[in-house]
Amino acid sequence: MEINEATIKEIIVVTDGQSNIGGNPVEAARKAFRKGITVSTIGIIDQKEQREAPFQEVVNMAEAGGGHYEYTYIDNLSQTIHTLSHKTVTSTLQEAVNKQLKQLMGNELNQMPPESRSKLLNYIDKYSDEVGVCCCILLDCSGSMAHKIQSARHSILDLLDSFGNRKGRIDIAVVAFPGEQADTCRVLHHFNDDLNQMERNLHRMKPKGGTPTAVAIDYATKLIEDFYSVGRNKERITALEEYVV
Amino acid sequence: MQESLKDIGGHITGKWNNNSYRIVRKLGTGGTAEVFLVEGEGKKRYAMKVSQDSLSLNREYQLIKKFSDIEFVVNVYEMDDFHRGGCIYHFLLLDYIQGDNLKVYTEKKQLQRTTILGMILILLKVLESFHQKGYILGDLKLENIMFDQKQKAIRLIDLGGVVEIGATVKEYTPAYDRGAWRCGKRRAEVSYDLFTLNMMLILLLIGEKLNPLKQKKEDIFQKVRNLEISEELKGLVIDMMLNQCYNSSQFAKKINELYNKEKLNLVKMSKVRGDALISNIFRISLGFFIATGCLILITHW
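Protein sequences appear in the order of chains A and B.
Take the first sequence: its letters are residues 1 to 245, numbered as in the UniProt record's numbering.
Take the second sequence: its letters are residues 1 to 301, numbered as in the UniProt record's numbering.
To be clear, the hints were calculated from the coordinates, so they are not data collected in a lab.
Where a beta carbon is used, it is the ideal one built from N, C-alpha and C, also for glycine.
Treat the hints with care, since some could be wrong.
[Unchecked claim] Covered by chain B, per the in silico footprint, the following chain A stretches (three or more residues, Cβ under 8 angstroms):
1. 29-38
2. 107-115
3. 122-128
4. 190-197
[To be verified] Derived lysine to aspartate or glutamate pairs resembling DMTMM-like cross-links, with alpha carbons at most 25 angstroms apart:
5. B/Lys-216 <-> B/Glu-257
6. B/Lys-108 <-> B/Asp-81
7. A/Lys-148 <-> B/Glu-189
8. A/Lys-99 <-> B/Asp-81
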């Protein structure tokens with residue numbers, strides 16, 4: 001991995017239910033992962049809800065997407081996104097180091113004695129704050145999210161505060177699904193948008209309709225790919241307000 | 001998510017150092033780790049923190065070693081691995097501290113105001129020792145502070161939030177976090193720690209949960225104004241929450257003055273009874289603290 005060029009690309013899906021429109025989100029996550037984008041998932045559970053595992057899909061998507069999953073109450077969303085993103089960064093770095101170690105000495109980190117392992121882990125820990133991160137948050141805006149949307153908005157603004165203090169570069173996009181039509185999604189905040197506009201942009205969330213999770217993952221994958229092919233410093237070519245599959 | 005170690009019972013032998021421990025019982029779960037009470041050679045008891053996340057466990061190991069000379073920090077004896085059900089687990093062997101954490105304790109018993117102020121003074125000293133080394137404690141909260149019944153002292157049990165001054169705050173708890181209250185940035189600065197400590201003071205004075213998602217800072221100010229405490233103390237905690245306008249030694253000086261006034265009032269009203277456990281701790285640590293505290297204050301000023 002080229003130290004200066006390396007960027008970790010990730011999609012974080014925040015949802016409170018099963019996908020019910022469009023294709024299979026697990027397949028979409030697998031496709032994204034093949035393109036070098038890690039997909040992690042957060043299942044929002046109701047405060048009252050006692051069910052142990054509300055939606056298996058959340059687990060399956062994260063497994064196929066090479067990421068992690070977490071269930072949380074809407075109140076803890078900001079911290080959960082932050083933790084998941086940090087996990088993605090560190091485990092991606094750990095995997096890269098493992099790969100190198102295997103080639104060099106046929107050993108993995110866990111097979112090294114704690115003292116020598118420590119040195120590598122210290123390095124990964126330090127570097128995890130410096131490596132570039134490109135993160136697309138996919139926010140479920142289906143009808144059932146209506147009463148949680150205020151908290152979700154608050155969480156994302158709060159998250160910017162944590163991300164903003166990273167040493168390394170961070171690019172954030174926020175995409176709501178569904179968009180105007182049932183099987184579309186809507187960019188609330190693009191990678192290139194001014195972060196100061198985030199609060200206003202987030203007010204464009206209008207929770208209604210179903211949950212087209214697969215469409216949203218495909219869309220986010222394309223958004224990240226386009227962002228990197230165009231070059232992150234250049235102007236965005238087309239305003240992708242609505243994306244219809 | 002980590003697989004829970006439900007049936008971890010029996011013995012654990014470290015892969016590298018070959019030390020064996022008998023699992024006595026589970027003490028708790030937190031974040032990515034589980035903590036067990038274990039018995040080593042000669043029936044000596046330890047707390048064993050077990051996790052699959054080698055990175056965060058290693059980080060904690062390094063931090064505890066780095067701050068081992070601070071008397072409030074628990075000791076770490078070794079870091080090792082063991083296998084269970086085809087998975088590798090990593091563990092830290094730490095001091096076992098008998099007693100309650102402050103959260104549990106304060107839920108059982110309402111603390112006296114002098115006790116609260118005295119404890120804030122001790123915690124200021126704890127923070128100071130981290131700041132002198134160029135770090136902040138970050139995630140200070142009631143749950144992370146233990147009353148050591150044997151040593152009659154305060155001990156910190158989680159250094160997961162410690163970061164270098166100038167870095168990003170890695171772990172935080174919304175009720176104590178100035179970012180969540182929109183009172184400042186989530187950046188590792190001395191003032192960040194002072195904010196968390198001030199929130200702890202407010203929490204102990206008000207005696208109820210604080211939630212920045214449901215309350216505004218103005219709601220907290222109102223609650224503080226409604227308390228039956230001195231106007232000075234009200235002003236101090238409100239100012240500190242708003243803009244952290246006092247540095248460590250100024251804050252310590254103010255708290256110390258208020259502490260002395262409260263103590264004097266108590267003596268006047270001959271109401272000094274003291275909470276059984278806490279007063280013991282404070283007889284020892286406060287005497288010591290006030291002596292050194294005054295010295296620090298004098299030299300700082």
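_Which constraints among the numbered hints does this structure fail? Numbers only, ascending._
The structure breaks hints 1, 4, 5, 6 and 7; every other hint is satisfied.
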